[in-house]
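We have chain A already, so just place chain B on it with the hints.
Chain by chain, the residues:
Protein chains: 2
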Amino acid sequence: MKIKGDFRCHLFALVLIFVGFQVSVHGRLLSVSKPDPDDAAATARWLVSQNNWGVLNTISSDLGGAPFGNVVSFSDGLPDEGHGIPYFYLTTLDPTARNALSDQRSSLTISEYPIGTCGKKDPENPSCAKITLTGKLKLVDEKSKEADFARNALFSKHPEMKGWPKGHNFQFFTLDIEDIFLIDWFGGPKPLTVDQYLHPKTYKLAFTL
Amino acid sequence: MKIKGDFRCHLFALVLIFVGFQVSVHGRLLSVSKPDPDDAAATARWLVSQNNWGVLNTISSDLGGAPFGNVVSFSDGLPDEGHGIPYFYLTTLDPTARNALSDQRSSLTISEYPIGTCGKKDPENPSCAKITLTGKLKLVDEKSKEADFARNALFSKHPEMKGWPKGHNFQFFTLDIEDIFLIDWFGGPKPLTVDQYLHPKTYKLAFTL
Chain A
7 MKIKGDFRCH LFALVLIFVG FQVSVHGRLL SVSKPDPDDA AATARWLVSQ
57 NNWGVLNTIS SDLGGAPFGN VVSFSDGLPD EGHGIPYFYL TTLDPTARNA
107 LSDQRSSLTI SEYPIGTCGK KDPENPSCAK ITLTGKLKLV DEKSKEADFA
157 RNALFSKHPE MKGWPKGHNF QFFTLDIEDI FLIDWFGGPK PLTVDQYLHP
207 KTYKLAFTL
Chain B
7 MKIKGDFRCH LFALVLIFVG FQVSVHGRLL SVSKPDPDDA AATARWLVSQ
57 NNWGVLNTIS SDLGGAPFGN VVSFSDGLPD EGHGIPYFYL TTLDPTARNA
107 LSDQRSSLTI SEYPIGTCGK KDPENPSCAK ITLTGKLKLV DEKSKEADFA
157 RNALFSKHPE MKGWPKGHNF QFFTLDIEDI FLIDWFGGPK PLTVDQYLHP
207 KTYKLAFTL
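Residue numbers (the numbering used here), protein chains in the order written: chain A, 7 to 215; chain B, 7 to 215.
In isolation and in its complexed conformation, chain A is listed as follows (with noise of 0.2 Å):
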């Protein structure tokens, strides 16, 4: 009976591994590996799924109307599971919700740079990928299936959240983008529509890998 108890347990143990090895291999081919930069939709679908903050710029109407950067934590989905389309974790006691109220005006800016997949390059350098999505700063309303959608992206990816302050009043806001500004090699930015971010044909094949 020893014996065998023995053997059920290594097995287990060896099938232990080997699902964590297929998961760990399985995670690091979807989460790291940057895409060629000639695919400018993949680039710019793995830029925005691998980070996880960038900074969220609106008028600012403190400033009389100036261009207003903010350092903020986003998500477009579970992680690994990306879907283009970001997700913030808002308070109006912060100028960047107040100001999207009044002008819903606004751009997200994201880097490659602290991905830490630009080696020794500067982070100017156009091989170290940068991308701007620039459209309409929107409150999610709160009782809609897409709130349920960015509460589990956000603190998937932001576990920090879910204790900040309920007096805060934190809501959930998105980007609906309208333009996209991408540079990931040399040549200037790469033309990329919205339609080819969100339906990005060979990126989508690697999250069925």
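Treat each hint with caution, since some may be false.
Which copy is meant is left open, because identical chains are indistinguishable; a pair holds if it fits in one copy or across any two.
Derived DSBU-like pairs (lysine-lysine); straight-line CA-CA distance at most 35 Å [what the hints assert, rightly or not]: (1) Lys151 - Lys127; (2) Lys144 - Lys168; (3) Lys196 - Lys144; (4) Lys172 - Lys207; (5) Lys207 - Lys196; (6) Lys127 - Lys142; (7) Lys172 - Lys127; (8) Lys172 - Lys144; (9) Lys126 - Lys40; (10) Lys196 - Lys127; (11) Lys40 - Lys168; (12) Lys172 - Lys126; (13) Lys40 - Lys127; (14) Lys142 - Lys196; (15) Lys144 - Lys207.
These are calculated hints, taken from the structure and not from any lab test. All values derive from a computational prediction rather than experimental measurement.
Then chain B, alone, in the frame of chain A:
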């Protein structure tokens, strides 16, 4: 003699350790140690001096006046000799410089997160510091002393800039700071005037140690 030799050897080792400790402590104080969050001016200057990239926001002339953030490299002086005023090396092939030449309103947003001193905090956690310098983005006269300062400041922190294509006509720009938005702890933005930022009492002391 052997005892004396051993003693000398130990004394020498002790001196080496002591000197090494001083150097490393001073090095850490000047370049890595984050100031006390209560000291807004020192924290702000530390953030700007220690980081070498941020998001530079302008009013987009291409996108209906939307706030447009762009990842840029910057420098406020030689490494560990920051003066607080950021300089940039921009080309009008990129929208940011074009925007600034038609509307100077601008802001530079910098996060503590990529410096690596936020630990496991979320990038939006108020104790992971962030700063937005708002003002006017201005071209620096290339024949001025300020251009010499900008060149040394930028090329020392961003060596690859020296080799950027001459044909792209990169020029030095600076931000004439008018307002400072600093979050480095709980309780909202820290009051900080431009004068306090440019003449920080404690941070200046740190540099003379």
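Against the structure, the hints come out as follows:
When the C-alpha separation of Lys151 and Lys127 is checked against a cutoff of 35 Å, the pair qualifies only between copies, where the shortest distance is 29 Å, while the shortest distance within a copy is 42 Å. For a Cα distance limit of 35 Å, the shortest separation of Lys144 from Lys168 inside one copy, 21 Å, qualifies, whereas the shortest one across copies, 42 Å, does not. In this assembly of identical chains, the alpha carbons of Lys196 and Lys144 lie at most 35 Å apart whether taken from the same copy (26 Å) or from different copies (27 Å). For the identical chains of this complex, Lys172 and Lys207 are neighbours neither inside a copy (41 Å) nor across copies (37 Å), given an alpha-carbon limit of 35 Å.
Taking the shortest alpha-carbon separations for Lys207 and Lys196, only the intra-copy value of 16 Å comes in at or below 35 Å, while the best inter-copy value is 46 Å. Taking the closest pair of Cα atoms, Lys127 and Lys142 come within 35 Å of each other both inside a single copy (32 Å) and across two copies (28 Å). Taking identical chains as interchangeable, the C-alpha atoms of Lys172 and Lys127 lie at most 35 Å apart only when they sit on different chains, with a minimum of 19 Å there against 42 Å within one chain. Within a single copy, Lys172 and Lys144 get their C-alpha atoms as close as 21 Å, which meets the 35 Å cut-off; across copies the closest is 42 Å, which misses it.
Proximity of Lys126 to Lys40 under the C-alpha cut-off of 35 Å is found in both arrangements, the shortest distances being 16 Å within a copy and 24 Å between copies. In this assembly of identical chains, the alpha carbons of Lys196 and Lys127 lie at most 35 Å apart whether taken from the same copy (20 Å) or from different copies (34 Å). Taking identical chains as interchangeable, the C-alpha atoms of Lys40 and Lys168 lie at most 35 Å apart whether they share a chain (30 Å) or sit on different chains (27 Å). Proximity of Lys172 and Lys126 under a CA criterion of 35 Å is satisfied inter-copy only: 22 Å between copies versus 42 Å inside one chain copy.
For a Cα distance limit of 35 Å, the shortest separation of Lys40 from Lys127 qualifies both inside one copy, at 15 Å, and across copies, at 26 Å. In the homo-oligomer, the alpha carbons of Lys142 and Lys196 lie at most 35 Å apart both inside one protomer (22 Å) and across protomers (29 Å), since each shortest distance falls under that limit. Proximity of Lys144 to Lys207 under the C-alpha cut-off of 35 Å is restricted to the intra-copy arrangement: shortest distance 28 Å within a copy versus 42 Å between copies.
In summary, the one numbered hint that this structure violates is 4.
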